[in-house]
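Peer 1: Could you put the whole structure together from the sequences, leaning on the hints where they help?
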Amino acid sequence: MECDFLIIGSGIAGLSFALRASALGSVVVVTKKEGNDTATNLAQGGIAAVISTLDSFDLHVQDTLESGAGICDERIVRLVVGDGPEQVRNLIEVGVDFVREGQEKDSPLSLGREGGHSRRRVVHAHDLTGREIERALLKKAKENPNIQLIENSICVDLLIVPKSKTGKVKTCVGAYVLQHDSSDIVPFQAKRTILCTGGAGKVYLYTSNPDISTGDGIAMAFRAGAEVANMEFVQFHPTCLYHRDAKNFLISEAVRGEGAILVDESGNRFMHKYDPERMELATRDTVARAIDEEMKKTGKDCVFLDITHKDAGFLRKRFPGIYAKCKEYGIDITRDRIPVVPAAHYQCGGVVTDEWGNTTIEGLMALGETACTGLHGANRLASNSLLEAVVYANKAFLFCEKELSTIKVNKKTDIDLWRSGNATSLDEEILINHNWDIIRRTMWNYVGIVRREKRLLLAQKRIAEIQQEIEQHYQDYRVTPNMIELRNIALVASLIIMASLKRKESRGLHYIIDYPEKRESCRKWNIFKKVVDADGQEEIKVRSKKISS
1449 MECDFLIIGS GIAGLSFALR ASALGSVVVV TKKEGNDTAT NLAQGGIAAV ISTLDSFDLH
1509 VQDTLESGAG ICDERIVRLV VGDGPEQVRN LIEVGVDFVR EGQEKDSPLS LGREGGHSRR
1569 RVVHAHDLTG REIERALLKK AKENPNIQLI ENSICVDLLI VPKSKTGKVK TCVGAYVLQH
1629 DSSDIVPFQA KRTILCTGGA GKVYLYTSNP DISTGDGIAM AFRAGAEVAN MEFVQFHPTC
1689 LYHRDAKNFL ISEAVRGEGA ILVDESGNRF MHKYDPERME LATRDTVARA IDEEMKKTGK
1749 DCVFLDITHK DAGFLRKRFP GIYAKCKEYG IDITRDRIPV VPAAHYQCGG VVTDEWGNTT
1809 IEGLMALGET ACTGLHGANR LASNSLLEAV VYANKAFLFC EKELSTIKVN KKTDIDLWRS
1869 GNATSLDEEI LINHNWDIIR RTMWNYVGIV RREKRLLLAQ KRIAEIQQEI EQHYQDYRVT
1929 PNMIELRNIA LVASLIIMAS LKRKESRGLH YIIDYPEKRE SCRKWNIFKK VVDADGQEEI
1989 KVRSKKISS
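All letters in the sequence shown, in the order written, are residues 1449 to 1997 by my numbering.
Wrong hints could be hidden among the right ones.
[Unchecked claim] In silico lysine-lysine, PhoX-like type, Cα no more than 25 Å apart, as pairs:
#1 K1993 <-> K1966
#2 K1758 <-> K1775
#3 K1553 <-> K1587
#4 K1994 <-> K1966
#5 K1966 <-> K1978
#6 K1695 <-> K1744
#7 K1972 <-> K1952
#8 K1989 <-> K1950
#9 K1695 <-> K1775
#10 K1909 <-> K1618
#11 K1972 <-> K1950
#12 K1748 <-> K1775
#13 K1850 <-> K1618
#14 K1744 <-> K1966
#15 K1481 <-> K1773
#16 K1993 <-> K1952
#17 K1618 <-> K1588
#18 K1588 <-> K1553
#19 K1775 <-> K1765
#20 K1989 <-> K1978
#21 K1989 <-> K1952
#22 K1966 <-> K1950
#23 K1721 <-> K1748
#24 K1773 <-> K1758
#25 K1481 <-> K1590
#26 K1994 <-> K1909
#27 K1950 <-> K1977
#28 K1695 <-> K1481
#29 K1618 <-> K1952
#30 K1611 <-> K1977
#31 K1952 <-> K1902
#32 K1695 <-> K1721
#33 K1611 <-> K1989
#34 K1611 <-> K1850
#35 K1611 <-> K1978
#36 K1994 <-> K1978
#37 K1977 <-> K1989
#38 K1972 <-> K1902
Think of the hints as simulated: they come from the structure by calculation, not from any bench.
Peer 2: Written as structure tokens, this is what we have:
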């Protein structure tokens, strides 16, 4: 199959770009499950943007930089923040129904406040913002004749061809796609391939992410030779619902923004011990570590979020999704405290891109959580993720609009069909499930909220052994979706560990007991890249990128 734009992933970044790029040519969107099975669909909070006259770009920039703990690229922060209001207006034009202060269509937008924000600036659709955005974008995409949505298909690897005679310069011309219904692996060829596969929360045992979040885009890009950075900065959301029957359900930071307090089993507040000024509205890294420490001190399995002091009618209207879901589990948030625990939530690092979304491989772009743009630094500010996705979707479109006339599919290079050779069918899924479980438990226990160098080294050894076994399975058996995801989470896990060992300080989301202080000499990105020498031997090279003041 050939197209102008191959988009891998159907979240806010992928669909926003698809709608724009459809004016330039044919668009194919490949998604692993159903079109709306994305992290975007689960996003509760909203989009941070300077809308109020009481707010300013400088304040939003400062909040982002402070949250990012010295690792943000300030130029990128200003670019994204400055474009925020226009992109919110664009979403409204697409059909996103954000909540307003009044009943009239031209009433001011309702603005929420979340941790780390000095002003109310979070545009929302109650606590179902992601679902509302996904609904509107998906509807428009399905109505667009230039967009083909291919569901229940997973990319195996990128199509990379040499651009120079030496083979050192390469270009991406598409991807190999496994279609679930036929089990066929088909090469999709494109002028531009855009990775919008989201994050990698399923690397950890407990996560707020959907099951599809297995780091596919990061893993494929790294195997192809693209640079990745800041993988040590994994954001753990402080408040996921703690219930034996609940899976991946987030209690939005907006609940704390509306006045919820964190308490222990006896009803005692504790955030004053960790951030006396901001308390429950401290940045996510601070709140997550505080909860983790309180749980370890008391030996309890959770802490509690209490918003029972607010009006019941207000809570049911402001948080309809959270109210309904908690009620399913016998928790009435208007009367009961909500049991919560931290869980892996957002990958602040990813595939290195420029300000247009281009990776270090020609023809390959990355948007959204898959990318490392420089916006989030060492800790993402709440509700900046959806903002980044729409801003960069537009930036990538503007780049392609300008450059598309010079882009051609490399017709001189034959694209190899996928060959399974003597591979046999994998008839025992236990080979996959066992390793999947080991990886996730190892990462949770050894590479979690609080780290220690000794544990990191042990995790590195265990993950390396599992990777060898997985690669053997990959060679011996026909590829399956579960095998692809297992291979990807193993690689992403190894990158997180390598990056964590490289950073000899505690900064933002990376807290390591051996090096508890920030060090100015470590104020840099550590960028990893896989290279292959003339003998076919693989090596991972690391370079540093200093962050200017």
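Peer 1: Going through the numbered hints above, which ones does this structure break? Give me the numbers in ascending order.
Peer 2: 5, 10, 17, 26, 29, 32
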